[in-house]
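Whole structure, please, built from the sequences with the hints as guidance.
2 protein chains.
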Amino acid sequence: MAEPIAVELAKKQKEIGVAEFFSRNRHLLGFDNKKKALMTTIKEAVDNSLDACEEAQILPEVSIEVIDMGNDRFRVIVEDNGPGIIKKQIPHIFARLLYGSKFFKLSQSRGQQGIGISASVLYAQLTTGKPAKIVSRISPKYPANYSELKIDIQNNRPDILNEKEVEWNKEHGTKIELELEGSYTAGPQSIDQYLKQTAIVNPHVTIIYTNPKAEQIIFPRATDILPKKVQEIKPHPYGVELGVLLDMLKFSEARTLRSFLQTEFSRVGGNTADEICKNAAVLPDAKPKEVSREMGEKLIHGIANTKIISPPTDCIAPIGQELLEKGLKKEVNAEFYTANTRPPSVYRGNPFIVEAGIAYGGQQSAEEPIRLLRFANRVPLLYQQGACAVTKASVQTQWRSYGLSQSQSSLPIGPVTLVVHICSVWVPFTSESKEAIAHYPEIIKEVKLALQECGRQLGIYIRKKKNVQYESKKRGYIETYIPYVSEALQELLKIKDSEKKNVETLLAEILEKTRGTIEAVEMENLEYDEEFAKIGKGDQDEETN
Amino acid sequence: MAEPIAVELAKKQKEIGVAEFFSRNRHLLGFDNKKKALMTTIKEAVDNSLDACEEAQILPEVSIEVIDMGNDRFRVIVEDNGPGIIKKQIPHIFARLLYGSKFFKLSQSRGQQGIGISASVLYAQLTTGKPAKIVSRISPKYPANYSELKIDIQNNRPDILNEKEVEWNKEHGTKIELELEGSYTAGPQSIDQYLKQTAIVNPHVTIIYTNPKAEQIIFPRATDILPKKVQEIKPHPYGVELGVLLDMLKFSEARTLRSFLQTEFSRVGGNTADEICKNAAVLPDAKPKEVSREMGEKLIHGIANTKIISPPTDCIAPIGQELLEKGLKKEVNAEFYTANTRPPSVYRGNPFIVEAGIAYGGQQSAEEPIRLLRFANRVPLLYQQGACAVTKASVQTQWRSYGLSQSQSSLPIGPVTLVVHICSVWVPFTSESKEAIAHYPEIIKEVKLALQECGRQLGIYIRKKKNVQYESKKRGYIETYIPYVSEALQELLKIKDSEKKNVETLLAEILEKTRGTIEAVEMENLEYDEEFAKIGKGDQDEETN
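Taken in order, these protein sequences are the chains called A and B.
All residue numbers for the first sequence refer to my numbering, where the first residue is 693 and numbers rise by one.
All residue numbers for the second sequence refer to my numbering, where the first residue is 693 and numbers rise by one.
Incorrect hints may appear among the rest.
One copy or two, it doesn't matter: identical chains are merged, so the pair holds either way.
Claimed, not checked - Calculated lysine-lysine pairs in the BS3-like style (CA-CA distance at most 25 Å, straight line):
no.	residue 1	residue 2
1	K1021	K1158
2	K825	K942
3	K703	K780
4	K921	K704
5	K703	K779
6	K703	K833
7	K862	K833
8	K1137	K727
9	K1205	K970
10	K1188	K942
11	K797	K926
12	K888	K727
13	K1166	K1205
Calculated from the structure, these hints are not laboratory results.
Nothing here was measured: the structure is a model prediction, and the numbers come from that model.
Below is the structure:
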């Protein structure tokens, strides 16, 4: 009998290697085009350097060199003073996708997926056929190791072409050299812009950058204080899902459910564990390995019905209101600055903090949409603004009540630089290339609250500024009439010229008192929106009269 | 001596499992929230059913049932009449990420990554702890196999909970049943909308849909003709990169470079192979395994400098101008329709075809942005419109010259439904959830050309419509004056009332001749833009007079 077609079709089914998958889907990792590929490579290397330095509590000093090799090829060299990498791990970290420590750790870091730098190595290999060259040293007492690495794409394993000890003038640190197809340009999504923005939100970092024109740009550190060292936390019960819980129960070494809950989750002590079990109607001394799907489901309900305090927040390190405002002052020449760090919040059990800052006025264009700078875990997000939760929250904020003009579902118009920073133990990016933050309602809400707080400060400033302008305009009108009034009084009362002068001075003083202080105070007390409307109307009336 | 910190850090480094990675990054696969999760699950199941049917040349009949289980849980059952899956493959296809046949095949299909349906199984398992239930049968001569499957997340391998032969009233086909957290709503990104749009671009498919309200909706097939069966092709030399070429050379079984080029690539015969080698200055009888990086680089240059005909296009099956227009007519109640299928083009060696269609007028709102429907390989794209190359091309098209109003970097305003379909052997999506197409310049260019062609047809129609309105308005004015002119003539020439009537008829005839035909023809001959401006001005003048 003829074989069913399914038998034929089955012959073509096979496993797809991770490196194969990402080499074809390279745009998922930020290698859409030559310009972005060069940018992403530098970003991944620098992010790794900063993470490593901070983890080892070393003040980071990173040098970046980009050399134009002609024919759209660039050599990129990134060197740090970090803790270095032990010899055995070097091939896996640089030449294997989905390998690393940050994925499993619940604490804030720039990298989180174990893909970034190895994707750059993969891209370099695909476009120029050349291996990555790594030098790393972990202490002056150890030699520096040099490796040439490629990725075995079919198996997603490192292919070591060369390995030897070398002389290196650094006590500890790591250097990576890649040759790849790229394209170098200036502008809003350039390497220069990425490094500049990195310097704003990382004031403890010194960056030495040599661009393809062989110009050296140094971003010196502004503080010797490292960001607070973040602590690793356990997952919070509120974020756990049934499927994950069942797996945790299966692999747990705890002997009772009670101790399982205490050891595997943050914020669960003996009492909370008992309460969860009680609310779930399961026995606290049940064996974790014997918990069925149905019991697991009860446990999830039990967790939901138990009041458990929020996860600890020493796992995240925001920039802080003060430093954020300082960073803005350093970067943007404006007339008014404000910043705001929200209290910690939680999405799917992951703690996160939103910070926002505004720089208003100065040389910034008043006719164009505001400039929005987005950051996640201290990394600038330069692409996919339209797809980002931060943009959504910014667009949905009612900026008109804060004195900016705004059409529906657009960013407001005005001379404003808006900075939004989200830090979390796990930033939910919309793609592996980490360009935009996914639309979690909890995140959007927090961004909005941060923007509203900044917006209110901005509104007060703009209102005051408008009041001053309005007042000076009104006073201008009245001042214009003072000489005529005094002239009329002179004629009526037959006073001398000197007395007329006195009257003028007196009238000016009265004006000062009434319009300069009392009315202004009254205006301050009025509700903002009402006031704003009145001022707007006043301006119009005067213009048409 | 104290251990360097790098030793401590190294202990935390480890491999990240593919299923672990995607279970945490589920939003990458389209499981951002409950609503989208339900939608994505159905989409993945239906896409797979349609692909399987077409591959086996079976007219697809797919039934979808969504049952509300309460507490935000839904049971989804998708059943097809496809070729079925052999017993051994069932666990791998449904309970293992990155497994399948479509990734390696260069021919148009809906799925292409080997992730979709297993991601749905993973999500169901994570949210409800329940396994996927599969029934599949490959022929009436074989039994139907039933399996209950979960994914072993750490190892990304199937976990078979139950396997048995069952009675099934179908000769061949596959049925999947999942229980997952979800949320069901109507609207532009709903299951209903997805199925409706699927029916438009797949007129050969019958869909029977039972929604959570237990209402049955049937989308019957409109044609018994299956889409042209697509052929698998080899990669085209123009798309090959150095790194990939070096890997291909390493694993090739060809004995000479010449035969390597002929067997591994499409459109390379003996002469072309010789020419490539000549242009690369390498010997055609070199052994592939001995080709060095430098020689590989020369080969790439040789390929670039050799004229090679475009890849064959029997690997892709567009809908076609006629069926696309029919589909639009079925879906949108409008007054004017046009569609356009572009000739095949190539990005990174992958052939692709862009099609576009427009439905204008009718009940559609003239005050709102046009409705843009995007499709890739016959699958509707419902999310991430802002991030899609199709949107970029639509926004950058100068719709004003085609008679629609448009502000800068926005979709035009007008009573228009715009359909764009891209089919390719490999659609470059911006994320695994396949919602938006990456910004490849070649793709954007082709979309623009398709839109321009449709736009020109639309412009001609709108212009004619405006001409007719303008003419009838002008004629109206003149007609109004004919009685006065004839009265004046009667007085001047002292003619009878009957003669006055004749004069009126005569004047009306002259009007008919001059304005009704000659001038209209003249206007047709004028350049479009000029004409359009004149008409606009004319309208204004009349309004202000």
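Hint-by-hint comparison with the structure:
no. : hint           : result
1   : K1021 to K1158 : within (23 Å within a copy, 56 Å between copies)
2   : K825 to K942   : between (42 Å within a copy, 22 Å between copies)
3   : K703 to K780   : between (39 Å within a copy, 11 Å between copies)
4   : K921 to K704   : between (51 Å within a copy, 17 Å between copies)
5   : K703 to K779   : between (42 Å within a copy, 13 Å between copies)
6   : K703 to K833   : between (56 Å within a copy, 20 Å between copies)
7   : K862 to K833   : within (11 Å within a copy, 72 Å between copies)
8   : K1137 to K727  : between (34 Å within a copy, 19 Å between copies)
9   : K1205 to K970  : neither (70 Å within a copy, 93 Å between copies)
10  : K1188 to K942  : neither (103 Å within a copy, 109 Å between copies)
11  : K797 to K926   : within (9 Å within a copy, 43 Å between copies)
12  : K888 to K727   : within (18 Å within a copy, 40 Å between copies)
13  : K1166 to K1205 : within (14 Å within a copy, 66 Å between copies)
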